[in-house]
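Please take these sequences and the hints and turn them into a complete structure.
Chains as they are written, first to last, in our numbering: chain C, 1 to 241; chain U, 242 to 545.
Keep in mind the hints are simulated off the structure, nothing from the lab. Just to be clear, a hint being listed does not mean it is correct.
In silico negatives: residues of chain U with every beta carbon more than 10 Å from chain C [to be verified]:
| no. | residue |
| --- | --- |
| 1 | Ala244 |
| 2 | Ile247 |
| 3 | Ile355 |
| 4 | Ala413 |
Here are some chain U residues pointing at chain C (derived, C-beta under 8 Å) [claimed, not checked]:
| no. | residue |
| --- | --- |
| 5 | Val273 |
| 6 | Val454 |
| 7 | Gly456 |
We put the CB at the ideal spot given by N, CA and C, even for glycine.
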Amino acid sequence: MIRFEHVFKRYPNGRDALSDLTLQIESGEMVFLTGHSGAGKSSLLKLIALIERPTRGQVIVNGQNVNGVSRSRVPAFRRQIGVVFQDHKLLHDRTIFDNVALPLIIAGIGSRELGKRVRAALDQVGLLGREQGFPLELSTGEQQRVGIARAVVSKPQILIADEPTGNLDPDLSIEVMHIFRRFNEVGTTVLVASHDLHLLQHFNLRRVRLEGGRIAGNVSAESAELLDPARLIDSATSGAP
Amino acid sequence: MSAWFIRHLQTLIGSLGRLSTHWLGTTFTMLVIGIALALPACLHLLVTNLQSASSSWDDAITLSVYLKQEIAPDEARRISERVRQRRDVAQVTLITADEGLKEFRRHSGFGEAIDALTSNPLPHALVIKPAAEYLNAAHLETLATDLRQVVGVDVVQLDTAWVNRLNAILDAIRRSVVVTASLLALGVMVIVGNTIRLDIQNRRQEIEVTKLVGGSNAFVRRPFLYSGVWYGIGGGIIAWVITQLIVAALTGPVVRIAGYYDSAFRLSGLGLEASGILLATGVVLGWLGSFIAASRHLREIEPS
Numbered sequence: 001m002i003r004f005e006h007v008f009k010r011y012p013n014g015r016d017a018l019s020d021l022t023l024q025i026e027s028g029e030m031v032f033l034t035g036h037s038g039a040g041k042s043s044l045l046k047l048i049a050l051i052e053r054p055t056r057g058q059v060i061v062n063g064q065n066v067n068g069v070s071r072s073r074v075p076a077f078r079r080q081i082g083v084v085f086q087d088h089k090l091l092h093d094r095t096i097f098d099n100v101a102l103p104l105i106i107a108g109i110g111s112r113e114l115g116k117r118v119r120a121a122l123d124q125v126g127l128l129g130r131e132q133g134f135p136l137e138l139s140t141g142e143q144q145r146v147g148i149a150r151a152v153v154s155k156p157q158i159l160i161a162d163e164p165t166g167n168l169d170p171d172l173s174i175e176v177m178h179i180f181r182r183f184n185e186v187g188t189t190v191l192v193a194s195h196d197l198h199l200l201q202h203f204n205l206r207r208v209r210l211e212g213g214r215i216a217g218n219v220s221a222e223s224a225e226l227l228d229p230a231r232l233i234d235s236a237t238s239g240a241p
Numbered sequence: 242m243s244a245w246f247i248r249h250l251q252t253l254i255g256s257l258g259r260l261s262t263h264w265l266g267t268t269f270t271m272l273v274i275g276i277a278l279a280l281p282a283c284l285h286l287l288v289t290n291l292q293s294a295s296s297s298w299d300d301a302i303t304l305s306v307y308l309k310q311e312i313a314p315d316e317a318r319r320i321s322e323r324v325r326q327r328r329d330v331a332q333v334t335l336i337t338a339d340e341g342l343k344e345f346r347r348h349s350g351f352g353e354a355i356d357a358l359t360s361n362p363l364p365h366a367l368v369i370k371p372a373a374e375y376l377n378a379a380h381l382e383t384l385a386t387d388l389r390q391v392v393g394v395d396v397v398q399l400d401t402a403w404v405n406r407l408n409a410i411l412d413a414i415r416r417s418v419v420v421t422a423s424l425l426a427l428g429v430m431v432i433v434g435n436t437i438r439l440d441i442q443n444r445r446q447e448i449e450v451t452k453l454v455g456g457s458n459a460f461v462r463r464p465f466l467y468s469g470v471w472y473g474i475g476g477g478i479i480a481w482v483i484t485q486l487i488v489a490a491l492t493g494p495v496v497r498i499a500g501y502y503d504s505a506f507r508l509s510g511l512g513l514e515a516s517g518i519l520l521a522t523g524v525v526l527g528w529l530g531s532f533i534a535a536s537r538h539l540r541e542i543e544p545s
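Rendered as C-alpha cells:
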C-alpha cells in the first residue's frame with residue numbers, strides 16, 4: 001500500500017531528513033513509526049501526503065508513484081489519504097460539524113449523505129451529539145478526536161497520524177490509539193508516528209524505528225512482545241519517560 | 242447538479258456572512274468602489290444629457306435670408322413662395338421690413354432713436370426651417386448656396402458653427418469618459434485585489450487546512466471570488482445611489498436654465514439599462530480583481 005524505495009529527502013537549507021530509506025507497508029497493516037524528533041518521522045509522513053516531494057527515490061502510495069503526480073493532481077491524491085496532526089489543525093471559527101464535513105464538501109457530497117457520514121464519523125470517535133459546538137469548547141483530547149473524525153470521514157484507504165497523542169495524557173493517548181486500531185480493524189492502512197514508547201507497549205503492532213533519516217529497527221507484530229530488550233534500548237535512546 | 246448548485250449558493254451566502262462580520266471595513270471598501278464607479282457614470286450622464294439637449298436644439302437650426310433693400314413687399318412674398326416649394330424646406334416665415342422694425346422697436350429699447358428715422362433701414366427677411374431629413378451640415382451649406390443665387394436675395398446666414406463646436410466638445414468628453422472609466426476600473430480591481438489579498442493572509446491557516454484535506458486551488462479560491470462579487474455588487478449599488486443623488490440635486494437648477502432658453506429639457510438619470518450595466522460592471526470588476534489576487538496569492542500558500 002505504501003512503498004519507499006531508496007528515498008532521499010534533503011530540504012533547501014541543506015538538512016538531510018531521509019537518506020536511502022526503503023520501507024514497505026502492506027494494505028490493511030497498522031504500523032508505528034518511532035524515533036526521536038528530527039529522526040525523519042514527519043518527513044516520511046509528509047512524503048506520503050505529498051506535502052513534500054522526495055529529492056531522490058520512489059514513493060509509491062496506493063499504486064501511484066508520487067513523482068508522477070502533477071501539481072494540479074495533488075488535491076485529488078490527498079483525498080485518498082486521511083491525515084491527523086499533533087495540533088489537530090481544526091478551524092476554530094467553524095462548528096465541529098463543519099470541520100468534519102470539510103473533506104466531504106471538497107469531494108462534492110450532497111447534503112443528506114454528508115450529514116449521515118459526518119455523524120457516523122463523530123459516532124466512531126465518541127463525539128456524536130457535539131456537532132454544533134465549536135472546537136475550543138472541547139478538551140484537547142476531544143479536539144484530537146474531531147481531527148480523527150475529519151481524517152476518516154471520507155473513508156480513506158490510508159490513515160496517517162503525526163504524533164497524534166503528543167499533547168495528551170497517557171489515558172487519553174491509549175483511547176486515541178484504540179480509535180486508530182478500530183479503523184485498522186475494518187481494513188484501513190494506518191501509519192502512526194509517535195515517540196511515546198510506553199504507549200506503544202500496549203499494542204502488539206509492527207514498529208519501524210527511524211534514526212537520522214534511516215531505518216534503525218523494524219520489529220514485526222508477532223515478535224514485538226518477544227523482543228523486549230529491543231524495546232528497552234528504544235526507550236533508552238529516545239529519552240522518553 | 243443540485244449538490245453542486247447548493248454548495249455554490251452556500252459559499253455565496255457564506256462569503257456574504259463573512260463580509261458582514263467585518264461590516265465597517267466592508268462598507269469602506271464598497272464605498273471606495275462606489276465612488277470610483279460613480280465618477281464615470283456621472284460623466285456618461287453628462288454626455289447623454291448634453292447630446293439630447295443638443296439634438297433638441299437641432300430644431301432651432303434656421304437659415305436667415307435677407308432680401309435686397311429695393312425689393313417690394315409683393316416681390317418678397319413671391320420669393321418666399323418660391324423657396325417654400327423646395328423639398329428641403331419645411332417652413333418659411335416672411336418678416337417684412339415693417340414687421341421687423343416693429344419687433345426691433347419692441348425688443349431693442351431704441352424706440353425713440355427709431356422714431357427719428359425717416360425711412361425703414363431694415364430689409365425684408367425670410368426665416369427658413371430646413372426639412373428634418375436634410376438637417377446635416379453638408380446639405381445646409383448646399384441650401385444656403387442655392388438661396389444665395391435667388392434673384393433679390395442679399396445675404397444668407399447659416400449658423401451651424403456652434404453645433405459643430407458642441408459636437409467636438411462632446412467627442413472630447415466622451416473620449417475622456419472612456420479614459421477615466423478605464424483608469425477607475427483598474428483602480429477598482431486594485432482595491433478589490435488588495436482587500437482579497439489581506440483577507441487571504443488573515444485566513445492562511447484555513448487555506449492550509451483545506452489544501453491538506455484535498456481542497457484544490459479552485460475550491461479554495463471560490464469564497465474569495467464570491468467576496469469579490471459582493472464587493473462589486475455593493476460598490477455598484479453605492480455608485481448608482483451616488484449618481485441618482487447627483488442627478489436629483491442638479492434637476493432643479495437645470496430646469497431653471499432650460500426655462501431661460503425656452504426649452505422643456507429635463508435632466509435624465511440612469512435608465513434601467515444603464516443601471517444594469519453599472520451593476521454588472523461592478524460585479525465583473527470585483528470578480529476579476531479577486532480572481533487575479535486569489536490566483537496569485539493562493540498558490541503561494543501550501544501546507545508545510
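- Message: Taking the earlier hints as the rules, which of them does this structure contradict?
- Response: 1, 2, 5
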